[in-house]
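Asks: So the sequences go chain by chain: L and G.
Under the working numbering, think of the first position of the first sequence as 1, with each following residue one higher.
Under the working numbering, think of the first position of the second sequence as 176, with each following residue one higher.
The hints are simulated quantities; they were obtained by calculation from the structure and are not laboratory data.
Hints may be right or wrong, so weigh each one.
[Unchecked claim] Label-pair distances were calculated between CB atoms; the ranges are:
1) G:Pro272 <-> L:Asp91: 39 to 47 angstroms
2) G:Thr218 <-> L:Asp151: 35 to 43 angstroms
3) L:Gly81 <-> G:Glu255: 56 to 64 angstroms
4) G:Val296 <-> L:Lys39: 52 to 60 angstroms
5) L:Val96 <-> G:Gln252: 28 to 36 angstroms
6) L:Glu95 <-> G:Glu248: 29 to 37 angstroms
7) L:Asn104 <-> G:Arg241: 36 to 44 angstroms
8) L:Pro99 <-> G:Arg304: 15 to 23 angstroms
What you are looking at is a predicted structure, and each value in this text was computed from that prediction instead of being measured.
Even glycine gets a Cβ: it sits at the ideal position worked out from N, Cα and C.
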Amino acid sequence: MLWSYAPNLAVGAAGPEAKKKAPPKKMAPAFTLKDSDGKTVNLSDYKGKVVLINFWATWCGPCKIEIPWFIDFETRYKSKGFAVLGIAMDDEGWEVVKPYLAKNKINYRILGGNEKLAESWGGVESLPTTFIVAKDGSIYKQHVGLVSKDDYEKDIRKLLDGAAGGIATAGANHP
Amino acid sequence: MALLAVSLLPAQTTLNSLSSVVNVVAPEKVVLKRGASQAVEFTIQVKTGYHVNSNKPEDEYLIPLRFTFTGGESPVQVGEIEYPKPSMEKLAFSTKPVSVFQGDIRTKALFKAGPNVPPGVSAVQGKLRYQACNDRMCLPPRTLDVKIPVEIRN
Numbered sequence: 001m002l003w004s005y006a007p008n009l010a011v012g013a014a015g016p017e018a019k020k021k022a023p024p025k026k027m028a029p030a031f032t033l034k035d036s037d038g039k040t041v042n043l044s045d046y047k048g049k050v051v052l053i054n055f056w057a058t059w060c061g062p063c064k065i066e067i068p069w070f071i072d073f074e075t076r077y078k079s080k081g082f083a084v085l086g087i088a089m090d091d092e093g094w095e096v097v098k099p100y101l102a103k104n105k106i107n108y109r110i111l112g113g114n115e116k117l118a119e120s121w122g123g124v125e126s127l128p129t130t131f132i133v134a135k136d137g138s139i140y141k142q143h144v145g146l147v148s149k150d151d152y153e154k155d156i157r158k159l160l161d162g163a164a165g166g167i168a169t170a171g172a173n174h175p
Numbered sequence: 176m177a178l179l180a181v182s183l184l185p186a187q188t189t190l191n192s193l194s195s196v197v198n199v200v201a202p203e204k205v206v207l208k209r210g211a212s213q214a215v216e217f218t219i220q221v222k223t224g225y226h227v228n229s230n231k232p233e234d235e236y237l238i239p240l241r242f243t244f245t246g247g248e249s250p251v252q253v254g255e256i257e258y259p260k261p262s263m264e265k266l267a268f269s270t271k272p273v274s275v276f277q278g279d280i281r282t283k284a285l286f287k288a289g290p291n292v293p294p295g296v297s298a299v300q301g302k303l304r305y306q307a308c309n310d311r312m313c314l315p316p317r318t319l320d321v322k323i324p325v326e327i328r329n
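Kindly produce the complete structure, drawing on both the sequences and the hints.
Replies: So, in structure tokens, the structure goes:
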């Protein structure tokens with residue numbers, strides 16, 4: 001399965017010029033998906049919150065490193081206006097995902113992803129791919145591949161403190 | 176079982192070599208005598224820096240490398256696939272060693288033509304299912320199609 005080979009959303013500018021002009025905001029694409037309990041979830045339900053959206057799969061080794069971090073973030077920052085949404089990209093769907101959620105005691109919401117959704121988010125070529133969405137619904141950052149827990153946490157705290165806007169893409173290179 | 180190699184043409188072809196990190200190099204053509212069997216080698220090439228899960232990844236969630244042959248319209252029968260020994264690698268993201276293949280993976284499949292198979296050329300069709308990662312990210316599982324012309328001679 002290929003989720004899409006569309007270009008990334010945008011690349012954050014770097015260097016002195018970048019300081020003069022912030023990159024344009026890109027709003028997070030709307031979606032309506034089912035969660036692991038069968039409930040309908042709209043991204044708009046999270047308006048006004050900082051949201052970490054993580055595309056992952058049960059077969060993805062690097063994704064499994066991040067999951068405990070996201071469990072921790074959900075625990076510590078949920079009451080401060082933050083949420084994690086995991087989007088499971090397993091072809092086999094809930095049949096494989098639900099047992100994994102139970103086994104790993106995942107405390108944040110998991111949604112069932114699909115190719116169309118991945119395309120609407122600019123193309124999710126590899127996993128993990130994570131977007132951090134600001135309170136105003138704009139994409140603050142995109143991480144492709146495994147990054148550090150500190151990187152995520154700095155962004156979450158910054159956004160909870162009020163920063164918004166701009167897009168930066170970070171992470172590993174694609175083949 | 177008698178293993179009667181007839182001939183394997185030296186020329187090879189690279190299949191599915193587009194943007195994938197995995198290619199399969201297969202014989203351009205296999206020539207087989209009626210009633211004979213032959214081990215046919217396929218080399219699975221994994222791009223440097225990447226690995227694929229082995230055929231026995233020892234984790235229920237990991238997707239194993241799997242070569243399957245359907246035969247297609249060919250009367251040639253394909254036996255069990257022989258995989259090399261995987262390596263146990265401690266990857267940046269793994270808490271314990273993972274059973275993987277890297278680089279060139281030489282696999283063998285036993286092609287067999289029954290004694291009553293008519294002479295002629297047909298194509299054996301196979302599929303390679305794999306899932307590749309590097310030490311920071313994983314690519315979605317993919318399936319490559321492999322088609323091998325087989326000539327049956329008297």
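Asks: Give a verdict on every hint.
Replies: Each hint, compared with the structure:
{"no.": "1", "hint": "G:Pro272 <-> L:Asp91: 39 to 47 angstroms", "in the structure": "violated, 26 angstroms"}
{"no.": "2", "hint": "G:Thr218 <-> L:Asp151: 35 to 43 angstroms", "in the structure": "holds, 39 angstroms"}
{"no.": "3", "hint": "L:Gly81 <-> G:Glu255: 56 to 64 angstroms", "in the structure": "holds, 57 angstroms"}
{"no.": "4", "hint": "G:Val296 <-> L:Lys39: 52 to 60 angstroms", "in the structure": "holds, 57 angstroms"}
{"no.": "5", "hint": "L:Val96 <-> G:Gln252: 28 to 36 angstroms", "in the structure": "holds, 33 angstroms"}
{"no.": "6", "hint": "L:Glu95 <-> G:Glu248: 29 to 37 angstroms", "in the structure": "holds, 33 angstroms"}
{"no.": "7", "hint": "L:Asn104 <-> G:Arg241: 36 to 44 angstroms", "in the structure": "violated, 26 angstroms"}
{"no.": "8", "hint": "L:Pro99 <-> G:Arg304: 15 to 23 angstroms", "in the structure": "holds, 21 angstroms"}
When each numbered hint is compared with the structure, violations occur for hints 1 and 7.
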